[in-house]
Amino acid sequence: DPNEYLILQSRLFASFSNVSTDLLWAGGAVVALTSLALWHRRHVLDVLLLGRPLAASLGVDVDRQTRLVLVLAAVLVSTAMVGPITFLGLLVAHLGYRLAGTYHHGVTLPASALCAVLTLVGGQTVLQHVLKWSTVLSVIVELLGGLLLITLLVREGRHS
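Here our numbering runs 6 ahead of the position in the sequence shown, where the first position is 1.
Everything labelled a hint here was simulated from the structure, so no lab data went into it. Do not take every clue at face value.
[To be verified] Pairwise CB distance ranges (calculated):
1) L14 with L64: 45 to 55 Å
2) N9 with T108: 30 to 40 Å
3) S84 with L158: 25 to 35 Å
The C-beta atom is built at its ideal place from N, Cα and C for all residues, glycine as well.
Could you put the whole structure together from the sequences, leaning on the hints where they help?
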């Protein structure tokens, strides 16, 4: 039934106009605290980029730090209150690296956050006010994000 499909689609796809305002402040606080914890560990993340043997020889407890970063990432993912946006995290991470021009987390973390905000806020604004479309932003992000990510990976493969 097409009506049932539309109901299912509206529940499965991310909708930025149906965000629960009751949870918005709590989610914002969790995101802020988790982001501060990651920012505090930005130098350790830079050392982890060197690889397990080098990071361990420089005194970093690689297993502990890896688990901690994975837990922080899981906390950030759990605060996504607008539905599934699969490629957004991968997209903004790659765009953040490209925009920053470096792999230092002191630069790439803010660059990736800026890319995420511009993608979501800018995309929603363009969809609603410029194009006057009633489509869901997550569909556009998935389509364009997937294509851009494939393009970035193919280009990166050619350069290595």
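Verification of the hints:
no.	hint	verdict
1	L14 with L64: 45 to 55 Å	holds (50 Å)
2	N9 with T108: 30 to 40 Å	violated (51 Å)
3	S84 with L158: 25 to 35 Å	holds (27 Å)
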